[in-house]
Amino acid sequence: MQLVLEKRAERSNTIALVSPLIAIGLTIVTMVILFAILGKNPLLALHAYFIAPLTDSYSLQEIAVKATPLVMIAIGLSLCYLAKAWNIGAEGQFLVGAVAGSWIAVKTQGTDAGAWVLPAMFVLAAAAGALYALIPAICKVKFGASEILTSLMLVYVADLFLDYLVRGPWRDPHGFNFPTTAEFDPVATVPLLIEGGRLHLGSIIALIVVAAAAILLGRTIKGFEIRVVGAAPRAARFGGFNANQLIILTFAVSGALAGLAGIIEVAGPVGHLQPGISPGYGFTAIIVAFLGRLNPLGILIAGLFLALTFIGGEQAQIAMKIPLDVTKVFQGILLFYVLACDSLILYRFKLVFPNRQVARGAG
Amino acid sequence: MRKSLLALAAGLLLAGSVGAASAADKLKVGFIYLGPVGDLGWTYQHEQGRLALVKELGDKIETTTLENVPEGPDAERSIEQLVRAGNKLIFTTSFGYMDPTLKVAKKYPNVHFEHATGYKRNPNMSTYSSKWYQGRYIQGLIAAKMSKSGVLGYIGSFPIPEVVSGINATMLAAQTINPNIKVKVIWANTWFDPGKEADAAKALIDQGADVIMQHTDSPAPMQIASERGKLAFGQDSEMIKFGPKTQLTSILDTWGPYYIERVKAELAGTWKSEDTWGGLDSHMFAMAPYTNMPDDVKKMAEDAQAAITAGKLHPFKCPIVGQDGKPVECKGGANLDDGQILGMNFYVKGIDDKLPGK
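These protein sequence lines map, in sequence, to chains A and B. Each residue of the first sequence is one higher than the one before, counting from 27 in the numbering used here. Each residue of the second sequence is one higher than the one before, counting from -6 in the numbering used here.
Simulated from the structure, these hints should not be mistaken for laboratory data. All C-beta atoms, glycine included, are put in the ideal place defined by N, C-alpha and C. It is possible that part of the hints are untrue.
Stated by the list, open to error - Result set (DSS-like, lysine-lysine): computed pairs, CA atoms no more than 25 Å apart in a straight line:
hint: 1; chain 1: B; residue 1: K189; chain 2: A; residue 2: K347
hint: 2; chain 1: B; residue 1: K238; chain 2: B; residue 2: K257
hint: 3; chain 1: B; residue 1: K19; chain 2: A; residue 2: K347
hint: 4; chain 1: A; residue 1: K66; chain 2: B; residue 2: K19
hint: 5; chain 1: B; residue 1: K292; chain 2: B; residue 2: K319
hint: 6; chain 1: B; residue 1: K342; chain 2: B; residue 2: K113
hint: 7; chain 1: B; residue 1: K53; chain 2: A; residue 2: K66
hint: 8; chain 1: B; residue 1: K175; chain 2: B; residue 2: K189
hint: 9; chain 1: B; residue 1: K141; chain 2: B; residue 2: K113
hint: 10; chain 1: A; residue 1: K347; chain 2: B; residue 2: K48
hint: 11; chain 1: B; residue 1: K347; chain 2: B; residue 2: K175
hint: 12; chain 1: A; residue 1: K347; chain 2: B; residue 2: K257
hint: 13; chain 1: B; residue 1: K347; chain 2: A; residue 2: K354
hint: 14; chain 1: B; residue 1: K113; chain 2: B; residue 2: K100
hint: 15; chain 1: A; residue 1: K66; chain 2: B; residue 2: K48
Unchecked claim - Label pairs and their calculated CB-CB ranges:
hint: 16; chain 1: B; residue 1: G336; chain 2: A; residue 2: V149; range: 35 to 45 Å
hint: 17; chain 1: B; residue 1: D331; chain 2: A; residue 2: G306; range: 31 to 41 Å
hint: 18; chain 1: B; residue 1: P29; chain 2: A; residue 2: V149; range: 36 to 46 Å
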């Protein structure tokens, strides 16, 4: 008897819907076993991970704060990926946006500038992120350079550029040489939504972005174009759609969203520009995009879920003394199962019996 | 039975009304760590301090740690999570937690905070640090005696005053032995990155350094020096097992006594916001045994240690000449004053490097 994977005649839509749920179910089963081996009460641990963070407004706010950059970047990336344009460099676009927006904040520091500062920071950050994303897009269209490599390499350029600025020209003169700018003025800071919490305007912007993407993909010709170019390039050519133009467009949009996420993070929860403003949001967002099935609503849910595992992991560290590494194992297992279950959309398990009699007997 | 139920109910009421006492009536003490507890350097030593604390007061307190907390927006959330979990005294153990700690401290005036190596305080936020420059001075003496090439290699982390004062103390000490000594500095721009630290050690050795000193936290530079047959100083913790024939000594952060003292104050209700800056005399740090050196060098190091502990020798004794050749103003009479050392932003004469951003 043998277990083989057999290609399905057509993709299974049922599995496409339930596979994330199967994956989460399998993850929970695995984690229960792991917690039991560690000598922790699995039910209490799962409670700390998934339930406790949802029970008070403080943790809910923190989940939203953590999910905001992930969702914004992932929405942009999903447009690229739907059009089969592989933007891997959202992290760099995020950083460039943060730098460009911070430029206004740093230059207007202490000048009593008006309320125009924050909107101007947003616009500049989005523009810078878009321009930065256009570099790999144009290299791809004009010279056939792999956008995967070029966009990825530009991440390190952006990272070092930010590093240079906060260690050199933009360093806080009163910061004892620590690599950071001075705290932004209130006019250059993203307003908070709830007194005493950390929930900020950026979360609302992320929701607007999700809604806009849903409308774009579901109701407009441009959205249809993006999906056709990705799914059926030949049909798209016959339909007169210009694939190169779409690469440029989707890269620019995803760069703009990543840049906007960057300045929102810096002018929001951080409050100043410093190295390490992103614990890899641009890369984690790739996971969020695929976890959310490249669907705007799915991405919103996936972003919130991943944020929940971060916050829950921290609460588990505090409440159960579970080490941080377990949270990382947990996230890794989750992704593993998601990918594994996804293969069931196109394939199915089949038992093969070399002994025909048994097969006949069974059939 | 009924009695204990009543007591329990009363306890719950009390806990509800003051909102302070936990069910078990143990003081909750939280720690935020920069690295993993197994970094063998900075965080490891704080963890050792916490273990000493638990050993001493384990029946009266309950400790919680969060490790690998980045010095960014996540730190504020992590600190606040500890507050919300009922911790009443929280140690945040890296410079980069300064602003996040202050933000949370202002929000929760009834919780006490202790921030390591910073300079911002609040009525409920203390700072604590050590005069490591005293240990660096002793290392500078040893290094100058032991170096054959006359070139010392120094791996810096960030050019903040604590690190700059360590480089200067090393140089001032070394110059008393060998006026032509050279100190080469490489900035790793990290506290903990074994790969980068190893590269920096290799580069320094390739530039002729034969004694390696570090202000970063991993044992990687010690291992490289050991491979290349050079000498080195450990950092934060005892690193002799990474270079049995290499380590000369190491500055050992001994946080235990301080943590015990502060928690005792908290338990007694006498905790106050303070600025603690302790040296060899107050046992905030110690020197690892002097190894891999001749007896006369060892004797010199021990004498210097005794003199510093007794307050007879000050590493920043005036006159001090800056890198630009001009004398440094001496605000402390015979020595630089604490403010000048805590805010040190200049190199002394002879250092073969430009201070970043200067």
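Hint by hint, which ones does this structure get wrong, listed from lowest number up?
1, 2, 5, 6, 9, 13
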